[in-house]
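> Top to bottom, those sequences are chains A and B.
Just so we're on the same page, the numbering used here is the position in the first sequence counted from 1, plus 86.
Just so we're on the same page, the numbering used here is the position in the second sequence counted from 1, plus 86.
Simulated from the structure, these hints should not be mistaken for lab results.
Remember, predicted model here, so these are calculated numbers, not experimental data.
A couple of the hints might just be wrong.
Identical copies look the same in the list; a pair holds intra-copy or inter-copy alike.
Unchecked claim - EDC-like cross-link-like pairs, simulated, lysine to aspartate or glutamate; straight-line CA separation at most 16 Å:
#1 K261 <-> D207
#2 K261 <-> E204
#3 K254 <-> E122
#4 K261 <-> E107
#5 K254 <-> D216
#6 K261 <-> D290
#7 K261 <-> D121
#8 K254 <-> D178
#9 K254 <-> D112
#10 K254 <-> E107
#11 K261 <-> D289
#12 K261 <-> E237
#13 K254 <-> E114
Protein chains: 2
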Amino acid sequence: MTTSAKPWRRGKHSKVRRLPERGAYDRETIEAILDEGFVCHLGFCTDEGPVVLPTGYSRVGDAVYVHGAPANHALRTVGTGLPVCLVVTLVDGLVLARSGFHHSINYRSVVVYGTATEVRDPVEKCAALDAVVEQIVPGRTADARGPSDDELRATRVVRISIDEASAKIRTGGPKEEPEDVEAGGIWAGQLPLTLVPGVPVPDDPLVENLPVPGYVTHYRRPSGDLPARL
Amino acid sequence: MTTSAKPWRRGKHSKVRRLPERGAYDRETIEAILDEGFVCHLGFCTDEGPVVLPTGYSRVGDAVYVHGAPANHALRTVGTGLPVCLVVTLVDGLVLARSGFHHSINYRSVVVYGTATEVRDPVEKCAALDAVVEQIVPGRTADARGPSDDELRATRVVRISIDEASAKIRTGGPKEEPEDVEAGGIWAGQLPLTLVPGVPVPDDPLVENLPVPGYVTHYRRPSGDLPARL
Chain A
87 MTTSAKPWRR GKHSKVRRLP ERGAYDRETI EAILDEGFVC HLGFCTDEGP
137 VVLPTGYSRV GDAVYVHGAP ANHALRTVGT GLPVCLVVTL VDGLVLARSG
187 FHHSINYRSV VVYGTATEVR DPVEKCAALD AVVEQIVPGR TADARGPSDD
237 ELRATRVVRI SIDEASAKIR TGGPKEEPED VEAGGIWAGQ LPLTLVPGVP
287 VPDDPLVENL PVPGYVTHYR RPSGDLPARL
Chain B
87 MTTSAKPWRR GKHSKVRRLP ERGAYDRETI EAILDEGFVC HLGFCTDEGP
137 VVLPTGYSRV GDAVYVHGAP ANHALRTVGT GLPVCLVVTL VDGLVLARSG
187 FHHSINYRSV VVYGTATEVR DPVEKCAALD AVVEQIVPGR TADARGPSDD
237 ELRATRVVRI SIDEASAKIR TGGPKEEPED VEAGGIWAGQ LPLTLVPGVP
287 VPDDPLVENL PVPGYVTHYR RPSGDLPARL
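Only chain A is shown next, with the shape it has when bound in the complex (with noise of 0.2 Å):
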């Protein structure tokens, strides 16, 4: 994906007042969070409250496209120009404290905030839904057919612009108060937890039997870090 130098604006939205040493504000780290995920969490206001579409993406520059039907309600309103909060969210494990209070979860998150604009340039939301398969699934459009004109028509592509955003990172073991510790006799540590690939499901109704690609059989995000357990 596209990188530029510049960073992002460190806003009032977007700072992490809660444990600032968990906030990262460097392009670098948000890009990596945003390119690793597949699936955000959009959130934006409407007349009858908030809401939250959980939805594919992809990450393009200083954009996030979203797609959906035309007749998507959501994506219509807030394609509109809405303001939206968007969150990327990887969990890479469980932290166990020897006292409750000290559980926790080491993920990466990365929230932006920006506007949402319905894009009607057919070679913007060509790219942008290609981009969306190429999110999911690195490698995939080579092989994919590309969207006719009419699946076009019946695509809504919205662009997100990532006006503030920051990243939230949480690794390691648990933090203890010295007198659990002390204590002893309870088991503290991490497991760590992985999204991991299984066994890929043809779908063959011509019984072709047709190699599976290697961007299915090594399929891993971005970072690596995945099949790192297989």
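Take the given structure of chain A and dock chain B to it, following the hints.
Showing chain B alone in chain A's frame:
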């Protein structure tokens, strides 16, 4: 977790409008998804715009509990009685169609609409915090030290009533255009993805060499799906 036979209200907020065949409103389906997850995305509206918080949670009966530090600005705001939209999303796999257009993700998600209020009663607070630990690591509260009075005071707990809820589920292989199947030559199918636990990392400064608890070595989510592919 507690289960009541009464279905949640299927209001205009929570009705699945797009692809209604993927929608589910029965309590058993919704509770199973809420109980299998342990990270939610909590959305609400402030004067400055929408906010989405990724956070651990627990589901107890008709409520979801989240917690944080008393100085956590977002939690303090939401706990004043704001309407919220809370989403739990479980990713089950990738769906590779012959066309980019029909690529998809297999998932189970629940969207909850409710009202957030701060919990001040220490008994409910304690129960909610134990439930959060149990949601993340079932079985853990039997071993971990419970919260002290100081820790209870140092924790803000927010209760989200489940006023409306709906589930959305996609399973199975790709939808295809008949002409794409007839044309042949492009591999299509599913790639299952599972969150799999790795090797526990003990935090053991006293070199106690305590045995790793069974709920860690045999960690699995309530559905039993995890660790299906270890």
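> Please go over all the hints and tell whether each is borne out by the structure.
Checked hints:
In this assembly of identical chains, K261 and D207 lie within 16 Å of each other by CA distance neither inside one copy nor across copies; the values are 51 Å within and 27 Å between. For a Cα distance limit of 16 Å, the shortest separation of K261 from E204 qualifies neither inside one copy, at 45 Å, nor across copies, at 26 Å. Taking the closest pair of Cα atoms, K254 and E122 come within 16 Å of each other only inside a single copy of the chain (14 Å); across copies the shortest separation is 24 Å, beyond that limit. Taking the shortest alpha-carbon separations for K261 and E107, only the intra-copy value of 14 Å comes in at or below 16 Å, while the best inter-copy value is 46 Å.
Within a single copy, K254 and D216 get their C-alpha atoms no closer than 28 Å, and across copies no closer than 25 Å, so neither meets the 16 Å cut-off. For the identical chains of this complex, K261 and D290 are inter-copy neighbours only, at 12 Å across copies versus 51 Å inside a copy, given an alpha-carbon limit of 16 Å. In this assembly of identical chains, the alpha carbons of K261 and D121 never lie at most 16 Å apart, being 29 Å within a copy and 26 Å across copies at closest. For a Cα distance limit of 16 Å, the shortest separation of K254 from D178 inside one copy, 13 Å, qualifies, whereas the shortest one across copies, 25 Å, does not.
When the C-alpha separation of K254 and D112 is checked against a cutoff of 16 Å, the pair qualifies only within one copy, where the shortest distance is 11 Å, while the shortest distance between copies is 35 Å. Proximity of K254 to E107 under the C-alpha cut-off of 16 Å is restricted to the intra-copy arrangement: shortest distance 9 Å within a copy versus 37 Å between copies. Taking CA atoms no more than 16 Å apart as the test, K261 paired with D289 passes between copies only; the shortest distance there is 10 Å, against 48 Å inside one copy. For a Cα distance limit of 16 Å, the shortest separation of K261 from E237 across copies, 14 Å, qualifies, whereas the shortest one inside one copy, 52 Å, does not.
For the homomeric pair K254 and E114, the shortest alpha-carbon distance inside one copy (13 Å) is at most 16 Å, but the shortest distance between copies (34 Å) is not.
In the structure shown, a violation is registered for the earlier hints numbered 1, 2, 5, 7, in ascending order.
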